[in-house]
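S.K.: As a plain string of letters, each chain reads:
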Amino acid sequence: MNTTSVLRVCVAFGLLCVACVAPAAAESTLYKAGTVYTMTGEPLSPGQVLVTDGKIAAVGRTVNAPADATVVDLGEDSSLLPGFVDAYTQTGLAGGTDEFTAELTPDFCPALAIDWNDRGFEESLATGTTTLAICPGTENVIAGCSCLAKTTGEKDSRILQNDAALFISVCSDPARRNGARSRPDGLYNRLPTNRMGVVWILRSTFDKVRRGREVTARDEIESGLSGQRPLMAVARTSHDITALLTIGEEFDFAPPVIVGGQETYKVTEQVAAAGLSVILGPMTTGSSNGPERTELAYNQAGLLSEAGITFAFSGGNLLEQARFACRFGLEPNEALQAITKTPAELIGVSDRVGTIAPGMDADLVAVDGDPMEFTSGIRFVMVNGQVFEQ
Amino acid sequence: MRALRLATTRGLCAILASLFVIVPLCGLASAADTNAAATIVLQGATIHTMTEQGTFVGSVVVENGKIKSVGENVQAPEGATVIDLTGHTLTPGLIDSRSVLWLTAAARGEAGSRGALNILDGVNPFLEDWHEVSRQGVTSVYVQPSNTGVFGGRGAVLRVGPGSSVKDLVVANDVAVQAAMGITGDTVRDRAAQIQRFRRAFQAVKDGEDPPNLAGNNNNNNNNQQQNTQGFGRGRRGGAEDLQQGRRGRFGRGGGGRGAAVTQPNKTKELIELILDRKIPLRLEAHQEDVVQAAFELADEFEFDLIVDGLSSPGEALSEVAARQARVVVGPAWETGAAPSYRQDRDDQLLSNIAESTNRWALATYSPEARGSRMLRVQAAAAIASGVEAESALRAVTVEAARILGVADQVGSIAPGMQADLAIFAGDPLDPAASTRMVMTRGEVVYENADASPNNTGVAAVELPEVMPLAYVIRTQRMLNANGEMQPAEMFVQNGLISAIGRTISAPEDVPVFDVGDAVITPGLVNAHSYLGQQSMLNDDTEADSSQLRAADVIEASSPVAKKMLEGGFVNVGFAPTSVNPSAGVMAHVRLGAKKPVVANDIAGKFVLSSDARSNDRLPSSLVGQVIFLDSLFGGSTPVTRLYVPDPVARAIERERRSNVDAVVTGGRPAVLAAETAPEVQAAITLTSKYDFTSVLLGPERIQGLTSDISGAGMSIIARPFDDNDYDLYCEQLAEAAQARIPVAFSGETPRAIRMTAAMAVNAGMPSEVALRGLTAVGADVVGMPAGTARLNEGSVADFVVWTGSPLDLRAVPARVVVQSELETVRTSGRITD
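Just so you know, the protein sequences line up as chains W and C, in that order. Per the numbering used here, residue 102 is the first one in the first sequence, and the count goes up by one each step. Per the numbering used here, residue 482 is the first one in the second sequence, and the count goes up by one each step.
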């Protein structure tokens, strides 16, 4: 199957134009803020960011701006941050998040079916998120490839990458629907019916790939295993995480990124030793149990940080999640890293977003006050130089 | 955190909304500003005053929200704003006598049996649906508790316009008490018991006693609630009534029965007293003959004001309606959704019979959707198409409605001192295709559309012999030509073919000439996509790749649905497999009424991106899966046949599939792509662009912002009928597509639904020529019907329809449908009854 060419056309057509409030081209704007969190080094206090043509032209304590540049002084207490990056979401994915009638769907590309007018994009943007990884669901053992996109923007500039990370599920989700059936009741009844089956399918598929046998969408799987594209594994419980480590050792593939990872804090040593990173599912103060009855810890982020594991937050409301983690022991700077630079690196777009540095996309979040303070509101969010005010 | 998020989102939405949400009321702000207190003169329109003054061309002067004067020669006061409406038609704002506009979703199902509800408590003045109702000229609606309760409580007449509080919206409250008999009980015995309970309750109140419970038991509230758990809004109704009674208290709903020590005033008694004192009418919903009869008897016995609501199968009781000149509210004239059980066996002639029986009747939409009241003009047109006099239908949505609702002193007619609720149409008020030029309530312009250009279409009577001879000339002032325009023309028909057609033609002298005057002649219309009621034979979801299936193999051209389609003027049908598979099969061109109905059995391939083709039991179950599946199918790979058939059969099936798919990808056969949502439409565009084939979007709901991509990919659109709950946006999009020069065809399962889609697209701004072409030649072309289909040309088969008016005018009906000059079959019809 050849989906790449479909995707190319998809970028050329298909996407809906969103608001255009940007100043006319070639204009520069200088933003002066109390603190600029560049995420490339110590915060600049005070700091200035020069934005030209949707890109960051310069950043520093003081910046030489062109004489005709518009100057926006955000005030002494204000902060400027890179636009947040949500490394795991299904926002806008229309018509089903999984193709659950097959076990393996490595060619499942959300980019083929995204509703660009989905309200979720507006909500993400309003909470400071400027880049999203739109990922396939978890009901398939090999689920597909994520689509990286901005939360708003014009047709061609909105998608960053059509087929980014390869997703595998090392959890009981792929077995859930099948286990519910007492016996095969259709022509297309599928495996696996339990979690052991999930691991078995992974193992047999990887084995086929290694031995050159026929498998669906070999290119996608091989590039994921070889590290050409990020490999992301949805694993939540500690035993799923250890199962992932075991398979990883067995097939010697590039260290995957754990997605969900609610119980990573229980197996920090092994995870750190294997060099895995984690995209944490949404933090919650709700119940003490997460998905799949995982046992949650309020300070899971802090514990990962102590163990030296790279991690990012995901699943919406990123600034709130970072603030929440800080309250339970995470360093503020680490918390900001986990919603900007780190997720950008994990999903493979750190050359364009996640930090404030010359040449990067002008995706910024302006906050009135200390970003880690609960009472500090978001004043505006900028995507590619376009300002969306609150 | 929540608050922050909400606040920020809202702020953002405001920015975004102001930028790319279409504001349908472009001219509204300016117009509204200028006329707050000033005097406005509406000049030059044909005015239906609905009073003894009658109808004339003249002016209306509006001042301080009221009508100051109306007449043929009214002097414009100094300094007044004069609006020229020459060529337009001005009527009182239309009134829907049964609506759920303004009601919260919960309140729409709220019913009671103790009269404790006041519908005003269920009104939410911040709902936005009114805009769409208003733009169809409706300025007042009547709302009341749901009919699942036998004695719900007070109803009210509300304004269709902006309001910041319930008070702003009220035209009149307490206008009637809602009651119903025979809705919840299905048997004659149930109904007899219900009638008996009403009689006992009224008698008790008359005697000064407390009435027994009307819901059918005398115990307490809890039982009452059980009585009310039919229909929607389940579980909330009893609660609302308790709240009204002050019984809810700290125990909540469940504790009402046992813990209610507080004695409450008996609302049932209070209301029945008001009814007996004739201070408020009883609006009794009665459908069956026995309850209608009982309603009259009750009214006689207890001497109260009765409004009969419903009257679906009155039988002999209709003579009582005539004898008493009873006040009646009926509707809808046409069921646009599923009819409730009590309306299912209505007589086709019901409305015209009622209209002949009593002058005091009002027409209502009875729509379960808030936006449904915007269909009032469609309903009035449907009433006319079913035989009701046009004048009577207009009265039923204006002055008679106002009288029955008790608000005739404020609205419903145009006379000095009346509230300035006015509707101005670019054409006949009851031709739904005529756009609304302006709507005013209380002197305030609530809708304005300066683009509405006068469009005068009329309805004419047609007289033709029962059976047409073998050769004849038919002449009309309005014959539809290939450009979608109506022109005077005559046509010489001989032996099933059109021998000559033109402005004036020469024919042998002995050939009879039929001059149908103003009647409209069109080619047999085209329904570009239909199942003709045979869905069950066309459904087969075992194999996602059903490319080998042909709809033509199961055609039953004499089915009731097909017969109605033909009688409704649609001769050419794109007969299609259903949408349950991503590759659904091959469509056929069916010519209804012909001896050989299948003209071509492979006009187009149908492929489905909408949710109908997603199945949990086979691949694909998701949109992404559908796109990948179709991509691989078009790209040349043939999915494996998983049916248990012998190998040679499987190979034959696969060959057939391949040839049908290839015919689309490389052979020029059009692909009909069913796609509804924006991502589905995007996927259809993507596939069309990649394989560069001819394609048609079937039933897209959301194409806003995608029109340039659609026209860029050379695609066309087959519109599907919309329902009460769809936004006008749907029709606006069709108009937008027409503006982008995207060919638009029409489809559906009933002739009236198809014509309504076209009519409302015209109402929303589509040029009528474009719509008429979509119903004829363009419709035939987009789905690949043979060249020349649905065109009246010299030498082509004489398939044509003689209409009493334009097919876009829903008042018009086909007076005669002629297939091949009637050599093959003879058709006559006079009414539309689908």
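Think of the hints as simulated: they come from the structure by calculation, not from any bench. The C-beta atom is built at its ideal place from N, Cα and C for all residues, glycine as well. Among the hints, erroneous ones may be present.
As the list claims (entries may be wrong) - Among chain W residues calculated to face chain C with C-beta under 10 Å, some are:
| no. | residue |
| --- | --- |
| 1 | Glu200 |
| 2 | Ala214 |
| 3 | Asp216 |
| 4 | Asn218 |
| 5 | Ala355 |
| 6 | Pro356 |
| 7 | Val368 |
| 8 | Phe429 |
| 9 | Pro433 |
S.K.: In ascending order, which of the hints set out earlier in this document are inconsistent with the structure?
M.R.: 5, 6, 7, 8 and 9
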